[in-house]
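If you read the protein sequences in the order shown, they are chains A and B. Going from the first sequence to my numbering is simple: count from 1 and add 86. Going from the second sequence to my numbering is simple: count from 1 and add 86.
Don't read these hints as lab results, they were simulated from the structure. One or more of the hints may lead you astray.
One copy or two, either will do: identical chains are not told apart, so a pair holds if it fits within one copy or between any two.
Claimed, not checked - For lysine-lysine, the following PhoX-like pairs were computed, each having C-alpha atoms within a straight-line distance of at most 25 Å:
(1) LYS307 x LYS285
(2) LYS232 x LYS326
(3) LYS307 x LYS326
(4) LYS326 x LYS226
(5) LYS178 x LYS157
(6) LYS307 x LYS226
(7) LYS151 x LYS178
(8) LYS178 x LYS326
(9) LYS165 x LYS285
(10) LYS151 x LYS226
(11) LYS119 x LYS226
(12) LYS151 x LYS326
(13) LYS307 x LYS119
(14) LYS165 x LYS178
Number of protein chains: 2
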Amino acid sequence: MRNRRVEIIAVEGIPEIEEAMDLGEIIVNAVRKMGLELRDRDIIVVSHIIVSKAEGRIVNLSDIKPSEFAKNIAEESDKDPRHIELVLRESKRIVRMRRGLIISETVNRLICANAGVDLSNAGTGRAAMLPLDPDDSARKIRNRIKELANVDVAVIISDTHGRPLRNGAVNIAIGCSGLEPLLDRRGEVDMYGRVLTSKVICVADELASAAELVIGQADEKTPVAIIRGYMYNPSETPAKVIPRREEDDLFL
Amino acid sequence: MRNRRVEIIAVEGIPEIEEAMDLGEIIVNAVRKMGLELRDRDIIVVSHIIVSKAEGRIVNLSDIKPSEFAKNIAEESDKDPRHIELVLRESKRIVRMRRGLIISETVNRLICANAGVDLSNAGTGRAAMLPLDPDDSARKIRNRIKELANVDVAVIISDTHGRPLRNGAVNIAIGCSGLEPLLDRRGEVDMYGRVLTSKVICVADELASAAELVIGQADEKTPVAIIRGYMYNPSETPAKVIPRREEDDLFL
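Excised from the complex, chain A in its bound form:
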């Protein structure tokens, strides 16, 4: 059964996150302080920036020594060579390079701009890299919430990504735990009884995009949202099944 009403609730009062902080506990406490309780089947969407911070994936740019290649790129594009160096370190393959923008494949098989290395919201003179294993990050937060609040939630780690074909970035799921990221509707019938043959929906990305409606991007003081009322399929499938294998990608 599909749901009739879904709520997206911004979680207020998340403090500034530093390395080794317990995000599960922080989320449980913040929700309680709002006078709410987490419920079974809530979906907790967490912006990757606070996960990166909690996992120590922040570096001081002053500690980075750019390679010659990074300096060459930076010179062409008027960018900070130390930022470029970090982008290269986080990449396993460059997909495109133009006007100082680097599209690369990260060690996590995401194809995105700047390998997800972000200067925004990282702190002055610092850069944030993506979590090393965002599915694992999601699972840990989910388990910790279960431990502390005794509720079965699903967790999505989100990031804002540019896309081929369409202008404007959207939030996508780079990690998840507890819900099936891809909803396979093949075999269901339409309103006339015709069997669907090719409908697979990426609900994890749709949920991440929905959460962005309350998660501020500049003002990362709201890095967490609760989505309530969406009947997902419980599953241990990770978000790493979402990136297409290159040979299956008919668009490229």
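Knowing the structure of chain A, use the given hints to seat chain B on it.
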């Protein structure tokens, strides 16, 4: 100011849509029958299938005479040559063809599978094409709602599209009226005061994806959703600004 809580409400009781039906009136009446009232700044997301039906963009496959080219493609792929013929008629350019799947650029500059021609939910032996001008469709529904219910809403026409790079389709905005589809956050500052330089968010697509959480896809008896509580920027900018110009697409 960003919102703290956003609701996505499925609109129940939309009847089977036929050509020339008044979607604005049908939506206003359906919402009233649910005991709700539309409010200023509600966003109404309408699945394109009912727009296609109301605008007569449905054909009987038995009326279609496939070209030789369509027959050749169909033979290779075990598809209905009349369906292929329609896909070709709706396309102005083939981007990729493999295993019976055609990625093409439609007359509306959307790059998508099968030029958006859908056999699902169109009726037995029928196919649905995309609305000819989805931005205009959205504007008409919006104006009609204003006329009948005296509320200023925004309207999005949505469709489910596959994507490059990522498995699983998501709902996107193929038409809109009344809201700025691309939210330009450049110039805003992050939590440390650093000015954002490259954040443009496609809120129209994020809203369409959010609506999909209540809009069933097989069961098109729920083809309309209300999104309430999201503070969009009012605008007359159409959704046709969303597709990237090919020369600007660094991903491809």
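Verification of the supplied hints:
1. LYS307 x LYS285: between (37 Å within a copy, 17 Å between copies)
2. LYS232 x LYS326: Intra 23 Å, inter 45 Å, cutoff 25 Å: intra-copy only.
3. LYS307 x LYS326: Neither, since 27 Å and 33 Å both go past 25 Å.
4. LYS326 x LYS226: within (16 Å within a copy, 41 Å between copies)
5. LYS178 x LYS157: For LYS178 and LYS157, the Cα distance is within 25 Å only inside one copy (18 Å; across copies 43 Å).
6. LYS307 x LYS226: within (22 Å within a copy, 39 Å between copies)
7. LYS151 x LYS178: within (19 Å within a copy, 50 Å between copies)
8. LYS178 x LYS326: Only inside one copy: LYS178 and LYS326 sit 16 Å apart there, 35 Å across copies, limit 25 Å.
9. LYS165 x LYS285: between (42 Å within a copy, 17 Å between copies)
10. LYS151 x LYS226: neither (33 Å within a copy, 58 Å between copies)
11. LYS119 x LYS226: within (22 Å within a copy, 45 Å between copies)
12. LYS151 x LYS326: Close neither inside one copy (31 Å) nor across copies (44 Å); limit 25 Å.
13. LYS307 x LYS119: Within. Shortest intra-copy distance 15 Å satisfies the 25 Å Cα cut-off; inter-copy 39 Å does not.
14. LYS165 x LYS178: within (21 Å within a copy, 39 Å between copies)
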